[in-house]
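Visitor: Just so you know, the protein sequences line up as chains A and B, in that order. All letters in the first sequence, in the order written, are residues 1 to 562 by my numbering. All letters in the second sequence, in the order written, are residues 563 to 683 by my numbering.
Because the hints were derived from the structure by calculation, they are not lab data. Certain hints may be false.
Said to hold, decoys possible - Derived SDA-like pairs: lysine to any residue, alpha-carbon spacing no greater than 20 Å straight-line: (1) K352(A) x S624(B); (2) K379(A) x L584(B); (3) K379(A) x A595(B); (4) K467(A) x V477(A); (5) K507(A) x G463(A); (6) K467(A) x K678(B); (7) K352(A) x A595(B); (8) K352(A) x L391(A); (9) K379(A) x E593(B); (10) K467(A) x S418(A); (11) K352(A) x S609(B); (12) K352(A) x A665(B); (13) K379(A) x V591(B); (14) K352(A) x G667(B); (15) K467(A) x G497(A); (16) K379(A) x G667(B); (17) K352(A) x R618(B); (18) K678(B) x F637(B); (19) K678(B) x E657(B); (20) K379(A) x E657(B); (21) K467(A) x G622(B); (22) K379(A) x P574(B); (23) K282(A) x V250(A); (24) K467(A) x P623(B); (25) K467(A) x Q506(A); (26) K467(A) x V427(A); (27) K352(A) x L653(B); (28) K352(A) x V591(B); (29) K467(A) x S624(B); (30) K467(A) x R618(B); (31) K467(A) x A586(B).
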Amino acid sequence: MAMPSPDPWDVRLAEALNQLSDVQLALDTETVRRQELEAVFARILGSMSDALVETDPRGVVVRANRAAGELLDPAGAGLVSRPVADFVGADVPSSPWRLMAQAPDGRLSLETSLRRSDGAEVAASLACAVVRDATGRISGAVYVARDLSETHRLFRALEGAESRWRLLAEITARLNEEIDPRAALVDVVARIAEGVGCQVAVVLTADAMVDDVVVAGGDESRADELRAMAGRPVEARTALATVVDTRRPVHAPSLPPTHPLLSTRPFQQPPTGAALVPLAAKDTCVGVLALLVDRPGALGPEVVELAEQVAGRVGTALIAARLRQAVADLQSAQQMARFREDVVAGLSHDMKTPLAVITGSIDTIAQMGDRLPAESTDKLYAGVANQARRLRRLVMQFLDYTLLEAGRGVAVAPTELSIAPAVQAVVDSFRHAADFRVEVPADLPAVWADPDRLDQVLSNVIGNALKFSPGTPVEVVAAATGCEVEVAVVDHGPGIGPADMARLFQKFSRGSGSDSTEGTGLGLYMSQVLMAAQGGRITVSSRVGQGSRFTLYFPAVAGEGT
Amino acid sequence: MTGVLLIVDDEPDVLLLLRLTLQARGWTVEEAASGEEALARCRRAPSPVAVVLDQRMPPGPSGLEVARTLRLEGFTAPIALHSAYFPPDVLEQAEADGLGLIAKGNLEHLAEVLPKLVEEG
Chain A
1 MAMPSPDPWD VRLAEALNQL SDVQLALDTE TVRRQELEAV FARILGSMSD
51 ALVETDPRGV VVRANRAAGE LLDPAGAGLV SRPVADFVGA DVPSSPWRLM
101 AQAPDGRLSL ETSLRRSDGA EVAASLACAV VRDATGRISG AVYVARDLSE
151 THRLFRALEG AESRWRLLAE ITARLNEEID PRAALVDVVA RIAEGVGCQV
201 AVVLTADAMV DDVVVAGGDE SRADELRAMA GRPVEARTAL ATVVDTRRPV
251 HAPSLPPTHP LLSTRPFQQP PTGAALVPLA AKDTCVGVLA LLVDRPGALG
301 PEVVELAEQV AGRVGTALIA ARLRQAVADL QSAQQMARFR EDVVAGLSHD
351 MKTPLAVITG SIDTIAQMGD RLPAESTDKL YAGVANQARR LRRLVMQFLD
401 YTLLEAGRGV AVAPTELSIA PAVQAVVDSF RHAADFRVEV PADLPAVWAD
451 PDRLDQVLSN VIGNALKFSP GTPVEVVAAA TGCEVEVAVV DHGPGIGPAD
501 MARLFQKFSR GSGSDSTEGT GLGLYMSQVL MAAQGGRITV SSRVGQGSRF
551 TLYFPAVAGE GT
Chain B
563 MTGVLLIVDD EPDVLLLLRL TLQARGWTVE EAASGEEALA RCRRAPSPVA
613 VVLDQRMPPG PSGLEVARTL RLEGFTAPIA LHSAYFPPDV LEQAEADGLG
663 LIAKGNLEHL AEVLPKLVEE G
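Throw the hints in and build the complete structure from the sequences for me.
Guide: Here's what the structure looks like:
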C-alpha cells in the first residue's frame, strides 16, 4: 500500500516548530552574548579609576561603578536610585534634557565641586554626555568624574616647596654677604621665623658654654629667657646637650611642659613642640638651631627638613669663619715667631763686630804690646771698653725684650742722680765718632732715674742720631722745665718722614733709611718703655730735610738748686 | 810690601785695630770711614795697591757698591770685602765680581790673605 501523504498542516506545524526552536536558539545565543558583554562591561567599569554614573532620562542613577562609590559614597549608603542632583552642584546639568539645553551636542566637561553623601566637598573634573538607544532616542546620561583633590594637594605642596627653597636661597645669600656670619644671624633667624611662622633661636656653643643666643618671633618673654642663657654652661641632660654631643637632631612635635629642652629650668610659656637641629660640619658642632611652636601639628616634616637645610648652611658658614680666624691667628703667630727669630739673628749678628774688636784688640796687645807706642795701646784699650759697653747694651736690650714678652715688665732701679755727669759720660763714649755740641748746665736739679737705664736710652738716641746723620754735628741740650728735666738730642740729618713717624716707637720698626739687616728694631720701643718705667717720657719732633729732635723727660727731685 | 793699603770701615775701633795690626806687619795703611771717602781717596794718587772694605756702612753705599763703582772707574787693584757676616746674596755677588772675602774677627786670616790678594791682583 502506498504511504499516505503527510497532512499539510502537520508539515507546516513541524516547520513552525523548527523555526521556533531556531529562533529560541538564536535568542539564547544572543542572551548569552549579551550577558558576556555585560560582564565585560561591568569588569571595565569596576576597574576604572574614574567614577562613572549612569542615569535614566529623569536623572536618577541607575548604575554606578566602584570608583563612583568610593568617591561619592564612602559610607556605602548607595548611589543607585538617588537623583544625580544630590551629588552635583548647580553648574552641572542634572538630567539629559538639561544637558541638551546647555550643550547642543549633548557633551559637557568642566571642573567642579561634587558633594559626597556625608556632605563633604570633593574637587573633581567632570565629563557628562547624553546616552541614546539604537533608535536614537535619549535613554539617559553618563557622568565620568576624576578626583582632583590629589592634584590640588600636589600643587600646594609644590608651592610650599618653592617658597621654602626661596627662603633657603635668601638665607644662603645673606650668610655669604658677611665675612663673619654671626653678623648675619639676626637677619637669618628673623627670616626663618617669618617664613616658617614660629619662634626660631640660634644657640651658639663653645666648650660646653652657651656663647650667644639669637632669637626671633614667638613669645617675647620666652625670647628673653632664651637670651638669658648666654654666658651660662650647657646643662647636662637637656635636649640641647644631647644634640650638641651627638650632632643629631631632636624632633619633638609634642612636648611635656617640664621637658628640659634647652635648660633644666622650664619656660614660663613652654612650647608645645620643638625641633633642635645641630649646626655642624663633620665632627664640629658650633651650636643648635631651635624651632619652638605653640600649636600642635605646626612642625610638619617639610618644616623640619627646611630647618635641617638651614642649619646645614649656617653651621658650615660659622665653621668656615672659625677656620679662617684660626688661620689668621696662626699666620700672625707665625709672623711674631719670625720677628723673634729676626731679633735673635740680628742680635747675634750685631754682637760679632764688638766681639771681633775686643778679641782682636786683646790679642794684638798681647802679641805686640811691647812694640806698640803707648798711645796706640791706650786707644786699643779704649776701643775694648767702648765695644764692651756696646755689647752690654745689646745684651741688656735683648734681656729686657724677652722679659717684656714674657709679661714680666722691665726692671728699673731709679735713684736720685745728678744728670750732668751722667749725660757727659754717655757723650764721651761716642766722642770719637762725631762732633758734639753739649749744653748741660751745671746747676740742673737732681732727677729721679736709673743710671743704667739713662745710659741705655741716651746711648740709643745718640747712636741713632749718629747713624742717620753722619758728618753733621749732634747737639745734646739739657734744661730744667717746671717739675722735669729734659735732655734733647738734636741732629741735622734727613729727618723722619710721616710714615716712619707713625711706627717710630713700635717693636721691630726700622727707619726706611736704614739697612734692614742692622739692629733689632727694638731700640726706640725699649727707650719708650724704660722712660715710662722711670716716671719719665720720650718725645720726638722732626722735619724732613732738616733733622730730628728726641727729648727725654726725667722727673726732677725737689731740693737745692731748683 | 810697598804701596798704600786702604782700609774702609764706619767703626773707628775696627779701623784702629786693623791699622795697628797691618802696620806691625809692614803695611802702609790709610783709613776711610765711609764708602764715599774711600771713592774719593781711590781717585787721588798714589793709587792704593789694595782696598779692604767693610760691607755695611750705613747710610752710605755698601762695600759691594763701592767695589763696583771702583771697577767702573777703571780701578784695577785687588778689592776685598771684610765683614762679620755675609748674607748669601752678597756672597754670590762678591764671588761673581771677583772680590776677596775676609771674615771679621780673625786678624791672622786678614794678614795672610792680603799679600796673596796683592800678588794675584
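Visitor: Now look at each hint and say whether the structure bears it out.
Guide: For each hint, the structure was consulted:
Among the hinted pairs, K352(A) with S624(B) is consistent with the structure: their alpha-carbon atoms are about 18 Å apart, no more than 20 Å. Restraint check for K379(A) and L584(B): the C-alpha separation of about 16 Å stays at or below 20 Å, so the hint holds. Of the supplied pair hints, the one linking K379(A) and A595(B) holds, its CA atoms being roughly 17 Å apart against a limit of 20 Å. Proximity of K467(A) to V477(A) is assessed by CA-CA distance (about 19 Å); at most 20 Å being required, the pair is judged to hold.
Restraint check for K507(A) and G463(A): satisfied, since their Cα atoms lie roughly 18 Å apart, inside the 20 Å limit. Restraint check: the Cα-Cα separation between K467(A) and K678(B) comes to about 34 Å, which exceeds 20 Å; the hinted pair is violated. Of the pairs offered as hints, the one joining K352(A) and A595(B) holds, with about 19 Å between alpha carbons and a cut-off of 20 Å not exceeded. For a cut-off of 20 Å, the pair hint linking K352(A) to L391(A) stands: about 9 Å separates their Cα positions.
A distance of roughly 16 Å separates the Cα atoms of K379(A) and E593(B); the hinted pair therefore holds under the 20 Å criterion. Note on K467(A) and S418(A): the hinted pairing is violated, with a Cα-Cα distance of about 28 Å set against a maximum of 20 Å. Of the pairs offered as hints, the one joining K352(A) and S609(B) is violated, with about 31 Å between alpha carbons and a cut-off of 20 Å exceeded. Note on K352(A) and A665(B): the hinted pairing holds, with a Cα-Cα distance of about 10 Å set against a maximum of 20 Å.
A distance of roughly 17 Å separates the Cα atoms of K379(A) and V591(B); the hinted pair therefore holds under the 20 Å criterion. Only pairs whose Cα atoms come within 20 Å are accepted, and K352(A) paired with G667(B) is accepted, the gap being roughly 8 Å. Only pairs whose Cα atoms come within 20 Å are accepted, and K467(A) paired with G497(A) is accepted, the gap being roughly 16 Å. Using a Cα cut-off of 20 Å, the hinted pair K379(A) and G667(B) holds, with the two alpha carbons roughly 18 Å apart.
Between K352(A) and R618(B) the alpha-carbon distance is near 13 Å, which keeps this suggested pair within the 20 Å criterion. Restraint check for K678(B) and F637(B): satisfied, since their Cα atoms lie roughly 18 Å apart, inside the 20 Å limit. For the hint pairing K678(B) with E657(B), the CA-to-CA distance comes to about 16 Å; that is within 20 Å, so the pair holds. For the suggested pair K379(A) and E657(B), the alpha carbons sit about 35 Å apart, so the restraint of at most 20 Å is broken.
Distance check on the hinted pair: K467(A) and G622(B) sit about 10 Å apart at the alpha-carbon level, within 20 Å; holds. The suggested pairing of K379(A) with P574(B) holds, with an alpha-carbon distance near 10 Å, which does not exceed 20 Å. For the given pair, K282(A) sits about 18 Å from V250(A) by alpha-carbon distance, which is consistent with the 20 Å threshold. Simply put, K467(A) and P623(B) have alpha-carbon atoms about 13 Å apart, close enough for the 20 Å limit, and the pair holds.
With a CA separation close to 19 Å, the supplied pair K467(A) and Q506(A) stays within the 20 Å bound. Between K467(A) and V427(A), the direct Cα distance comes to roughly 15 Å. Compliance with the 20 Å bound is thereby established for this hinted pair. This hinted pair checks out: K352(A) and L653(B) have alpha carbons roughly 18 Å apart, not beyond 20 Å. Under the criterion of a C-alpha separation no larger than 20 Å, the hint pairing K352(A) with V591(B) is inconsistent with the structure, at around 24 Å.
Among the hinted pairs, K467(A) with S624(B) is consistent with the structure: their alpha-carbon atoms are about 14 Å apart, no more than 20 Å. Restraint check for K467(A) and R618(B): satisfied, since their Cα atoms lie roughly 12 Å apart, inside the 20 Å limit. Distance restraint check for K467(A) and A586(B): the Cα-Cα separation of roughly 31 Å exceeds the 20 Å cut-off, and the hinted pair is therefore not satisfied.
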